[in-house]
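Participant: The residues making up each chain are set out below.
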Amino acid sequence: MDLLAEFSAPAQATRTEKLVVIGAGMASGRALEHIFEETPGRFEVTLFGSEPRGNYNRLMLSPVLGGEKEYEQIITHDTAWYERHGVKTRFGETITGIDRQRKVVISKAGETPYDRLIIATGSAPFIIPLPGKDLPGVMVFRDLDDVNAMVEAAQRPNPKAVVIGGGLLGLEAAAALRLRGMEVVVLHIMGHVMDRQLDPAAGYLLQRDLEKRGIKVHCTAQTKAILGENCVEAVALDDGTTYGADIVVMAAGIRPETRLAVDAGLHVERGIVVNDQMVTSDPDILALGECVEHERVVYGLVAPLYDQAKVLAKTLAKQDAAFRPVQTATQLKVTGVSVYSAGDFADAEDREEIVLRDAASGIYKRVVLKDNKILGAVLYGETGDGPWFYDMLRKGTDTTELRDTLIFGQAYQGGAALDPMAAVAALPDDAEICGCNGVCKGKITGAITGMGLTDLDRVRAHTKASASCGSCTHLVEKLMAITLGDAYNPAAVKPLCPCTDYDHGAVRRLIVAKGLKSIPEVMQELEWKTSCGCAKCRPALNYYLVAEWPGEYEDDGQSRFINERVHANIQKDGTYSVVPRMWGGMTNPKELRAIADVADKFNIPAVKVTGGQRIDLLGVKKEDLPGVWADLNAAGMMSGAAYAKGLRTVKTCVGSDWCRFGTQDSTGFGIRLEKYLWGAWTPAKLKLAVSGCPRNCAEATCKDIGVICIDSGYDIHFAGAAGLDIKGTELLGHADSEDEALEIIAALTQLYREQGYYLERIYKWAKRVGIDTIKAAVIEDGAKRKQLFDRFAYSQQFAQVDPWEERVNGKDAHEFAAMAEFGFPVAAE
Amino acid sequence: MTEWIELGPVAAVPRRGARCVTTPGGKIAVFRTAEDQIYAIENRCPHKGGPLAEGIVHGRHVTCPLHNWVFDLSTGEAQGADEGRVRTFPVRVENGLISIAPDVLMQIAAE
Ligand code: SRM
Ligand SMILES: Cc1cc2nc3c(=O)[nH]c(=O)nc-3n(C[C@H](O)[C@H](O)[C@H](O)COP(=O)(O)OP(=O)(O)OC[C@H]3O[C@@H](n4cnc5c(N)ncnc54)[C@H](O)[C@@H]3O)c2cc1C
Ligand code: SF4
Ligand code: FES
Numbered sequence: 002m003d004l005l006a007e008f009s010a011p012a013q014a015t016r017t018e019k020l021v022v023i024g025a026g027m028a029s030g031r032a033l034e035h036i037f038e039e040t041p042g043r044f045e046v047t048l049f050g051s052e053p054r055g056n057y058n059r060l061m062l063s064p065v066l067g068g069e070k071e072y073e074q075i076i077t078h079d080t081a082w083y084e085r086h087g088v089k090t091r092f093g094e095t096i097t098g099i100d101r102q103r104k105v106v107i108s109k110a111g112e113t114p115y116d117r118l119i120i121a122t123g124s125a126p127f128i129i130p131l132p133g134k135d136l137p138g139v140m141v142f143r144d145l146d147d148v149n150a151m152v153e154a155a156q157r158p159n160p161k162a163v164v165i166g167g168g169l170l171g172l173e174a175a176a177a178l179r180l181r182g183m184e185v186v187v188l189h190i191m192g193h194v195m196d197r198q199l200d201p202a203a204g205y206l207l208q209r210d211l212e213k214r215g216i217k218v219h220c221t222a223q224t225k226a227i228l229g230e231n232c233v234e235a236v237a238l239d240d241g242t243t244y245g246a247d248i249v250v251m252a253a254g255i256r257p258e259t260r261l262a263v264d265a266g267l268h269v270e271r272g273i274v275v276n277d278q279m280v281t282s283d284p285d286i287l288a289l290g291e292c293v294e295h296e297r298v299v300y301g302l303v304a305p306l307y308d309q310a311k312v313l314a315k316t317l318a319k320q321d322a323a324f325r326p327v328q329t330a331t332q333l334k335v336t337g338v339s340v341y342s343a344g345d346f347a348d349a350e351d352r353e354e355i356v357l358r359d360a361a362s363g364i365y366k367r368v369v370l371k372d373n374k375i376l377g378a379v380l381y382g383e384t385g386d387g388p389w390f391y392d393m394l395r396k397g398t399d400t401t402e403l404r405d406t407l408i409f410g411q412a413y414q415g416g417a418a419l420d421p422m423a424a425v426a427a428l429p430d431d432a433e434i435c436g437c438n439g440v441c442k443g444k445i446t447g448a449i450t451g452m453g454l455t456d457l458d459r460v461r462a463h464t465k466a467s468a469s470c471g472s473c474t475h476l477v478e479k480l481m482a483i484t485l486g487d488a489y490n491p492a493a494v495k496p497l498c499p500c501t502d503y504d505h506g507a508v509r510r511l512i513v514a515k516g517l518k519s520i521p522e523v524m525q526e527l528e529w530k531t532s533c534g535c536a537k538c539r540p541a542l543n544y545y546l547v548a549e550w551p552g553e554y555e556d557d558g559q560s561r562f563i564n565e566r567v568h569a570n571i572q573k574d575g576t577y578s579v580v581p582r583m584w585g586g587m588t589n590p591k592e593l594r595a596i597a598d599v600a601d602k603f604n605i606p607a608v609k610v611t612g613g614q615r616i617d618l619l620g621v622k623k624e625d626l627p628g629v630w631a632d633l634n635a636a637g638m639m640s641g642a643a644y645a646k647g648l649r650t651v652k653t654c655v656g657s658d659w660c661r662f663g664t665q666d667s668t669g670f671g672i673r674l675e676k677y678l679w680g681a682w683t684p685a686k687l688k689l690a691v692s693g694c695p696r697n698c699a700e701a702t703c704k705d706i707g708v709i710c711i712d713s714g715y716d717i718h719f720a721g722a723a724g725l726d727i728k729g730t731e732l733l734g735h736a737d738s739e740d741e742a743l744e745i746i747a748a749l750t751q752l753y754r755e756q757g758y759y760l761e762r763i764y765k766w767a768k769r770v771g772i773d774t775i776k777a778a779v780i781e782d783g784a785k786r787k788q789l790f791d792r793f794a795y796s797q798q799f800a801q802v803d804p805w806e807e808r809v810n811g812k813d814a815h816e817f818a819a820m821a822e823f824g825f826p827v828a829a830e
Numbered sequence: 213m214t215e216w217i218e219l220g221p222v223a224a225v226p227r228r229g230a231r232c233v234t235t236p237g238g239k240i241a242v243f244r245t246a247e248d249q250i251y252a253i254e255n256r257c258p259h260k261g262g263p264l265a266e267g268i269v270h271g272r273h274v275t276c277p278l279h280n281w282v283f284d285l286s287t288g289e290a291q292g293a294d295e296g297r298v299r300t301f302p303v304r305v306e307n308g309l310i311s312i313a314p315d316v317l318m319q320i321a322a323e
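For the record, the sequence lines run as chains A and B. Under the working numbering, the first residue of the first sequence carries the number 2, and numbering increases by one thereafter. Under the working numbering, the first residue of the second sequence carries the number 213, and numbering increases by one thereafter.
Hints were generated in silico from the structure; no laboratory data involved. Virtual Cβ for every residue (Gly too), placed ideally from N, Cα, C. Take the hints with a grain of salt, since some may be wrong.
Said to hold, decoys possible - No farther apart than 27 Å at their CA atoms in a straight line, the calculated lysine-lysine pairs in the DSSO-like style are these:
no.: 1; chain 1: A; residue 1: 134; chain 2: A; residue 2: 161
no.: 2; chain 1: A; residue 1: 225; chain 2: A; residue 2: 609
no.: 3; chain 1: A; residue 1: 686; chain 2: B; residue 2: 260
no.: 4; chain 1: B; residue 1: 239; chain 2: A; residue 2: 812
no.: 5; chain 1: A; residue 1: 812; chain 2: A; residue 2: 217
no.: 6; chain 1: A; residue 1: 622; chain 2: B; residue 2: 260
no.: 7; chain 1: A; residue 1: 495; chain 2: B; residue 2: 239
no.: 8; chain 1: A; residue 1: 161; chain 2: A; residue 2: 225
no.: 9; chain 1: A; residue 1: 530; chain 2: A; residue 2: 479
no.: 10; chain 1: A; residue 1: 537; chain 2: A; residue 2: 812
no.: 11; chain 1: A; residue 1: 495; chain 2: A; residue 2: 537
no.: 12; chain 1: A; residue 1: 676; chain 2: A; residue 2: 686
no.: 13; chain 1: A; residue 1: 602; chain 2: B; residue 2: 239
no.: 14; chain 1: A; residue 1: 728; chain 2: A; residue 2: 686
no.: 15; chain 1: A; residue 1: 537; chain 2: A; residue 2: 518
no.: 16; chain 1: A; residue 1: 396; chain 2: A; residue 2: 311
no.: 17; chain 1: B; residue 1: 260; chain 2: A; residue 2: 609
no.: 18; chain 1: B; residue 1: 260; chain 2: A; residue 2: 537
no.: 19; chain 1: A; residue 1: 573; chain 2: B; residue 2: 260
no.: 20; chain 1: A; residue 1: 495; chain 2: A; residue 2: 768
no.: 21; chain 1: A; residue 1: 622; chain 2: A; residue 2: 812
no.: 22; chain 1: B; residue 1: 239; chain 2: A; residue 2: 573
no.: 23; chain 1: A; residue 1: 768; chain 2: A; residue 2: 686
no.: 24; chain 1: A; residue 1: 765; chain 2: A; residue 2: 686
no.: 25; chain 1: A; residue 1: 787; chain 2: A; residue 2: 676
no.: 26; chain 1: A; residue 1: 89; chain 2: A; residue 2: 311
no.: 27; chain 1: A; residue 1: 785; chain 2: A; residue 2: 765
What the hints assert, rightly or not - Only some residues are given here: those of chain A computed to face chain B with a beta carbon under 8 Å:
no.: 28; residue: 111
no.: 29; residue: 431
no.: 30; residue: 563
no.: 31; residue: 573
no.: 32; residue: 575
no.: 33; residue: 822
no.: 34; residue: 823
Said to hold, decoys possible - A short list of chain B residues far from chain A (calculated; beta carbon distances all over 12 Å):
no.: 35; residue: 258
no.: 36; residue: 290
no.: 37; residue: 293
no.: 38; residue: 295
no.: 39; residue: 296
no.: 40; residue: 299
Let's have the full structure, built from the sequences with the hints guiding it.
Facilitator: Structure representation (structure tokens):
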């Protein structure tokens, strides 16, 4: 026996086996590396790939699309590598079938036998079955050919792209196409971008940053069709919007590519089912990558696939190894945008969240803990600590010790606990505190000691610090505390709710000063302490935004109390009451007949005359509401808003039309006022009355706004109360004509809309700001009154929509129908 | 094992909102949070029977529309000073579809 024979003996015992690999993607590339390490020379490998090229780094297609990288830079395995390991490459050849009996794979070129087979076919982009989906110009983003096609499209003059899908892939495509100079619109079906990886707060920040780059993001977009004659021309949405497009990129998700496995009769659910060893239901066939399903999970990121590759190589080497489910972490590869998300960050039982927001630098961090262990993390703006959190998450590290400073990141650990007071005290005298007015620390502390200032308002008055937008108020307060020591007694700020330290006034001021236009934006910029607010702050914020940005802000129904959401008053038994408007308390036989008919038709149990001069239908079932409204609408009646923090009623008396004492047409003016003011949202409900003479039969002197007609015109009263408190009105002023009275009343209403705190009735607001300041603005200063009036008139354009009619026509239909209905279950089921 | 009973797609329930499922034994309220967690609870407030599906949803909680009790959707426990508990039901979500354990419906029907 010669030496050589002795050495080759073991190799013969494990003769070379034929290993066929389907798919030359990221997972198979990594698996082959491990296989050649674990079992060099054991397998003779044939590698099939549909793409006319070898394995490359698919993740890096985004920078290639954006022109930041070349294809050559992202190749992971070159010809030399395949040669070195004796891999027979069959690129550009798609496998069309597997014959498990005869152990061959089938392609156009014929059959190739295998001893062991690896399926690594990845995923295929999901094409939404929209009309027009087959038009030339509809593209996907999966391989280099897709990238080349998009780059070519970007070379046209004024090129436009619509990307369907605001997930990771869609946003990377959008950013890259934008870099190529395209006009880009992203359509996303959910309420915020990257909803699978980010919570709404971080989604909002991301959208804002993308929009800064000139990418238009349209959320809650229901795409209806792709339009075009011979090629793509535009995309139409359900809401009527259309966006012009030269290309449409479908990035709406991926589907595991399982066709071969299904046809071959392997066990396939969502993906090809594999066990912990990466073996399919056929012991000779292994699978890995995006095409497989392990413990009901299909992965779409590479990290877990690399783990799978390791395990698969060990299995082929007959070594023990098991793939275990892993948490994944995601980063968006858009240059200049930092987002990081890992694990499970949803709110749930026994979980706690720690939120850190820094509005000035656009930072949002949220860590979700359970039993002191990190379950998930979302970071925006500053993501350097992502891997640190992720590491603790994977290891299940107990964070009890780090708890207080955890959210500040790794750099703070081990150091002294953070003391915000000490940080402010350490600032140099020339550090700028108030950015709006350019006031530095020295000036403020100097004024405090020099002039003996002890309250915030006086510091504001003397230094101007925090007198504009107010966002530095907390710094000024800390300076006062440091300078005055115990002598400082901060005015009790009553926070709006436990989600924030700001009071209503500060929130209103900051919404205007910083131009905040959505609830998530307010919560981020004002550093809300919860991710989603509460039942107290959300309705308030919704009102402030509605009042501040008419025509721009989109009302958030889910932040409204049920009555304002379904435009009826909920009753103790869960039924509703319906009150149609009766302008100025006037009605007629036609309206009364319609009300009677509706009561009969829908078996409404109670019909009552209200204290507000109209009729209440009580005990209507929720599902009957649209039907009741349709009939009332048909008779010319609309919602009386008996549920609204908004205009309710304008009570009138019969006035000069009939009454022997009447001085003016109180009924007519009341109707005119009601027609002018209806629909307006106000901080709390708003009730008016117009009496034809000082006998005051309409009880105008206990209303929010009351008018008493006299011979010489109209006395306008306001700030009365007749509910929880009883209070006679104050006289605001006199108007000579109806027109003037209307202008004053609208201006007063607008001032209240702009200054009132949510749920604060007019009399309380007036007490807080002072009757005189109100008089000055709406009576004495004609120019100011006119401006207030104009702002009110402008906002009414958007407010005067009958909510009943909208719902009769189908708006919010889900509110009025059950999601599912079940009878008695059938036993035989 | 019996099949779970499908209630409908996640998208049918508004975010930070709820929809009802009617059964012979009363209504079940199916909630969806801002983060797409789905919970099902009995649609009856233990205080005075308020329809919880009509409340404002915040985080993992709902505030009853009648007198503002707040409930944790996952445990059904009343929060803060209020004492009481609303029944919760197991649901699961797969491929965007919500389903409920079949025995729940049986049980409710039997009550
Ligand atoms: C229907 C009606 C009683 C009636 O049968 O006459 C009524 C019914 C309710 N009133 Fe009222 N108020 C009614 C006239 C009044 C009046 C008299 C008036 O408007 O001239 C007052 C005193 C004036 C005032 O507004 O202050 C009045 C002072 C209140 C108050 C105390 C408000 C306050 O700030 O002091 C509440 C509680 C609240 O709003 O928080 C209230 C709340 C309610 C609510 C909305 C209770 C609720 O939250 O569910 C009741 C709704 C029942 C329903 O479904 O219709 N209702 N309520 C009257 C409807 C008038 C209308 O046509 O729109
Ligand atoms: C643009 C882009 C950016 C991404 N960014 C990230 C990121 O930042 N982080 C991250 O973790 N993941 C990212 N991913 C996802 C990541 O690329 C995938 O998870 C990974 O590529 C999946 O590997 P795979 O081998 O299972 O499938 P693939 O890499 O898709 O490989 C499958 C291959 O099989 C071929 N094939 C399919 N069927 C057949 C057949 N019948 N015969 C022959 N060949 C066939 C396909 O043509 C394909 O080349 C990104 C994906 C894309 C498209
Ligand atoms: S008391 Fe009343 S009814 Fe009589 S005139 Fe004056 S306003 Fe008219
Ligand atoms: S019925 Fe729910 S709080 Fe009273």
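Participant: Given a cut of 8 Å on the nearest C-beta pair, is the interface hint for residue 822 of chain A held or broken against chain B?
Facilitator: Nearest chain B Cβ about 5 Å off; hint holds.
Participant: With a cut-off of 27 Å on the C-alpha distance, tell me whether residue 495 of chain A and residue 239 of chain B pass.
Facilitator: violated (39 Å)
Participant: Less than 8 Å between beta-carbons is the criterion; does residue 575 of chain A satisfy it with respect to chain B?
Facilitator: This interface hint holds because 4 Å falls under the 8 Å limit.
Participant: So if I understand the rule, the pair passes when the alpha-carbon distance is 27 Å or less; does residue 812 of chain A with residue 217 of chain A pass?
Facilitator: holds (26 Å)
Participant: Less than 8 Å between beta-carbons is the criterion; does residue 823 of chain A satisfy it with respect to chain B?
Facilitator: holds (5 Å)
Participant: Taking 27 Å as the top limit, are the C-alpha atoms of residue 537 of chain A and residue 812 of chain A close enough?
Facilitator: Given pair residue 537 of chain A, residue 812 of chain A holds - Cα atoms ~26 Å apart, limit 27 Å.
Participant: Under the criterion of a CB-CB separation shorter than 8 Å, is residue 563 of chain A in contact with chain B as hinted?
Facilitator: At about 4 Å, which falls below the 8 Å cut-off, the nearest Cβ of chain B leaves the hint on residue 563 of chain A intact, so it holds.
Participant: Compare the distance between the alpha carbons of residue 396 of chain A and residue 311 of chain A with 27 Å, and conclude whether the hinted pair is satisfied.
Facilitator: It holds: about 20 Å lies between the C-alpha atoms, which stays within 27 Å.
Participant: Verify the proposed pairing of residue 622 of chain A with residue 260 of chain B, using a straight-line Cα cut of 27 Å.
Facilitator: At roughly 18 Å apart (the allowed maximum being 27 Å), residue 260 of chain B and residue 622 of chain A satisfy the hint.
Participant: Between the alpha carbons of residue 537 of chain A and residue 518 of chain A, is the straight-line distance 27 Å or under?
Facilitator: Distance ~19 Å between residue 537 of chain A and residue 518 of chain A Cα, so the pair holds.
Participant: Could you check that no beta carbon of chain A comes within 12 Å of the beta carbon of residue 293 of chain B?
Facilitator: holds (14 Å)
Participant: Quick one, are residue 622 of chain A and residue 812 of chain A close enough, alpha carbons at most 27 Å?
Facilitator: Distance of about 18 Å is within 27 Å: holds.
When each numbered hint is compared with the structure, violations occur for hints 2, 7, 28, 29.
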